[in-house]
Amino acid sequence: GAGVSQTPSNKVTEKGKYVELRCDPISGHTALYWYRQSLGQGPEFLIYFQGTGAADDSGLPNDRFFAVRPEGSVSTLKIQRTERGDSAVYLCASSAQGAGYGYTFGSGTRLTVV
Amino acid sequence: AQSVSQHNHHVILSEAASLELGCNYSYGGTVNLFWYVQYPGQHLQLLLKYFSGDPLVKGIKGFEAEFIKSKFSFNLRKPSVQWSDTAEYFCAVNAWVTGGGNKLTFGTGTQLKVEL
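These protein sequences, in sequence, are chains P and W. Sequential numbering from 145 applies to the first sequence in our numbering. Sequential numbering from 4 applies to the second sequence in our numbering.
Hint data in this document are derived by calculation from the structure and do not stem from the laboratory. Quick reminder that beta carbons are idealized off the backbone N, C-alpha and C, glycines included. There could be a bad hint or two in this list.
DEER-style ranges, computed between Cβ atoms [to be verified]:
no., chain 1, residue 1, chain 2, residue 2, range
1, P, 147, W, 80, 27 to 35 Å
2, W, 69, P, 159, 45 to 53 Å
3, P, 184, W, 59, 42 to 50 Å
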């Protein structure tokens, strides 16, 4: 597609529930990134995919968070047993050349855990 | 690990005023530097970037930034702001270190409001 697409744009869930957030990167972009942006903060790195594999998952806060990219295009960020502290905007970005050249961001998914 | 500091969290200017937003980073090696902008209700967009060469980088919409290696700084400037520049501005760094070369580290952002 023309840009990075994220769905849903908004998600409200109850504490303890499981959620999935989807990212559809720009066609042909091999690098895909997930970031989390809390209110008043800049985006924080979560995980980076190069193709199908997670090349760097050092930003995932704990084992409740997991992400996949099975076919090297669409990625899903999965959060188990959600907590109120998980409320944030989850951003996806993709790049043809890697972080050193900049990314194209999606509009994000605003997750609210009540 | 690298870090990025943006000194001004909120800036209010009148139209036609000059703008300078500060950005400092902590890593001493080779870096790529970026400014991103987020207009109200929109996604993050790349404003400008520095890789190498001329330390004065020009971006879109009349913005420019100067990389001063000795000061670990990459300040954003615009000689005359417009109301449409109202947005949040983020500085980011990509540090070329083992295991760290594939992610951006962002500052906390500066909210700019331009008044008519």
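In rising order, the numbers of the hints this structure does not comply with = 3
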